[in-house]
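Protein chains in written order, with the numbering used here: chain A, 1 to 383; chain B, 1001 to 1254.
If you're looking for bench data, these hints aren't it; they were derived computationally from the structure. One thing to keep in mind: the hints can contain errors.
[As the list claims (entries may be wrong)] The calculated lysine-lysine pairs, modelled on DSS-like cross-linking and capped at a C-alpha distance of 30 Å, are:
hint, chain 1, residue 1, chain 2, residue 2
1, A, Lys180, A, Lys154
2, B, Lys1087, A, Lys353
3, B, Lys1087, A, Lys235
4, A, Lys238, B, Lys1250
5, A, Lys238, B, Lys1069
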Amino acid sequence: MEIKKELPAIFEEFAQARRNSFITAKELKDKDIPMVGVFCTYFPNEIANAMGAVVVGLCSTSDETIPEAEKDLPRNLCPLIKSSYGFAKTDKCPFFYFSDLIVGETTCDGKKKMYEYLGEFKPVHVMELPNTQSENALVLWKSEIIKLKEVLEKHFETTITEEQIREAVHIKNEERKALKRLYALPKLVPSPISGMDIYNILYGSTFKFDKKAIPQEIDKIIEKIKAEYEAREDKTRKPRILITGCPLGGVSEKIIRAVEAQGAEVVCFENCNGAKSVEELVDEDAADIYEAIARRYLNIGCSCMSPNPHRLRLLGQLIDEYQVDAVVDVILQACHTYNVETLMIKRFVNQEKGIPYMSIETDYSTADAGQINTRMAAFVEML
Amino acid sequence: MLSLGIDSGSTTTKGALFDGTNIVRTQVIPTTSNPKESMRRLYEEMHTDQVGYVVATGYGRELLPQADKRVTEITCHARGAAFLCPKTGAVVDIGGQDSKVILLDRDRNVVDFLMNDKCAAGTGRFIEVMMRILEEDLKNIDQFVAGKHPVNITSMCTVFAESEIVSLLAQGVDRGDIALGIIQSICKRTSFFAKRLNLHDTVFFSGGLAQFPIFCRTLEEFLQLPVVTHPMAQLAGAIGASVIGYQKAKQILK
Ligand code: SF4
Ligand code: SF4
Chain A
1 MEIKKELPAI FEEFAQARRN SFITAKELKD KDIPMVGVFC TYFPNEIANA MGAVVVGLCS
61 TSDETIPEAE KDLPRNLCPL IKSSYGFAKT DKCPFFYFSD LIVGETTCDG KKKMYEYLGE
121 FKPVHVMELP NTQSENALVL WKSEIIKLKE VLEKHFETTI TEEQIREAVH IKNEERKALK
181 RLYALPKLVP SPISGMDIYN ILYGSTFKFD KKAIPQEIDK IIEKIKAEYE AREDKTRKPR
241 ILITGCPLGG VSEKIIRAVE AQGAEVVCFE NCNGAKSVEE LVDEDAADIY EAIARRYLNI
301 GCSCMSPNPH RLRLLGQLID EYQVDAVVDV ILQACHTYNV ETLMIKRFVN QEKGIPYMSI
361 ETDYSTADAG QINTRMAAFV EML
Chain B
1001 MLSLGIDSGS TTTKGALFDG TNIVRTQVIP TTSNPKESMR RLYEEMHTDQ VGYVVATGYG
1061 RELLPQADKR VTEITCHARG AAFLCPKTGA VVDIGGQDSK VILLDRDRNV VDFLMNDKCA
1121 AGTGRFIEVM MRILEEDLKN IDQFVAGKHP VNITSMCTVF AESEIVSLLA QGVDRGDIAL
1181 GIIQSICKRT SFFAKRLNLH DTVFFSGGLA QFPIFCRTLE EFLQLPVVTH PMAQLAGAIG
1241 ASVIGYQKAK QILK
């Protein structure tokens, strides 16, 4: 906690990136820079970046527009889908507003069906994401990536060269490496940075559109944090929590704060707010760059894959690397795929890793905040 | 030295004084709309010079400034159950508003737990509502269902179960048969919920329903594990809090 106050303006700037970038978005558009709106970690950013477009995440995080969405969509649908759709429908999200094209993937059932309606408000292109990770799937996914390139070329009346793609791959890899350096800080015991701060920086970074500048900015933050840490006197170890499951979006405050208020620290995010979307790099030297991109993205361990071995692989690796004491699996209400996987994750965490596990099902409302606090407190007491 | 445990629940606030070996005094007062005030009142009634450590637990655990420590009801409940019945391997608690299952290890520490706080079905509230429709006092439940043949209640939701019962009554089904059906439904549901944790040892049953033998027996049937309870089961949270408090105080004195 004390760290946050000390951090320089640059840090705040990251946390506030989303807010500020409303203006930035407008400025970009004034400069004729195309904007592609996306909803998922599977979107191969490099292809859009190669033509100089900026990519914005449209996953919405507030329950504000859910009532509006529920006029069209069933109530018992994941809040992330409802909220995102609601923002699109009500035009309340400037990023959605400024997006020239929306790209979705056939991930979970709720999302892909929602895209069918989204087309009523905006041009939408849906990539056919396989739901297995076989070699056949790779062939399909690679062809979908090439198709995306063609769709972009046609939509924006431009051409995307392989050279540009390779350049974009390099820049994106450098960004990933920088973000990894940041979120790896909690490998130190105790962690030099709170989970809430990591979350905010990672989230904020997705709204930093000058991708080339990110590594330098992140490294400045890292340096500052390290200096603070050196000077810190109290270095008692706290229980170390890893968060996995659905993207946190609208429940980040509720969950992360509840953990950290109980005297534990979130040292790692396995989900799409952290390692799942950042950890793996694209092989820059691959002869076939499309295949390298396809492979990198298809490897993502999301529960919409069946089976989903990569989630366990990454989870196991992170539990070891971050000396994790316990795992919290966050399930957004009505997310069937992650909910079904809780059993598999629990078995893996309890039996193979021998540490406690808890799953929490929640939504974007604040109604269950008290209950979540109690559960977290009891969970931390257990450690 | 004594330790004081205070458990602020949604309907009652409970206190227990522990001397290191025995629970020397307990007290229960209703929780008013001002839970902070109820805690303060109980604290003042029970606190003496001999009390060296105070632990607060339950929903209102943050509301007692005099508490030396705040511990969740999960941890306290487990500790209290293990104190009352040392064989306890797991706790099943059916409260007024929620139900919970707690798994203990050999050293009687909490290793896992589940809470159902989203839905009234499977809580004491469910049975309360149903008994009201049957116009029967819950107190007499054991006699009321003796020798009856349970009807199958299929609805999983309090509201739908209510209309199911109304229509059963309209068909002239025996009220005792319906009541036994309700008991089976709640125990079955609770045991499905509980079995998500790896229960394997004696189950300590607490909450308001635990005092009725019919609930213990039915739960035992569905769980296929020995189910025990204790006359002080309702005080398990407060007792656990006082036991934890005593240990803390001893650690400090050391
Ligand atoms: S959890 Fe799966 S579907 Fe959701 S954003 Fe991440 S990769 Fe996409
Ligand atoms: S959280 Fe689950 S249901 Fe919601 S969009 Fe992601 S995968 Fe789909």
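Results of checking the hints against the structure:
1. Lys180/A / Lys154/A: violated (35 Å)
2. Lys1087/B / Lys353/A: The hint holds at about 28 Å.
3. Lys1087/B / Lys235/A: At roughly 39 Å apart (the allowed maximum being 30 Å), lysine 235/A and lysine 1087/B break the hint.
4. Lys238/A / Lys1250/B: Status holds; Cα separation ~23 Å.
5. Lys238/A / Lys1069/B: holds (18 Å)
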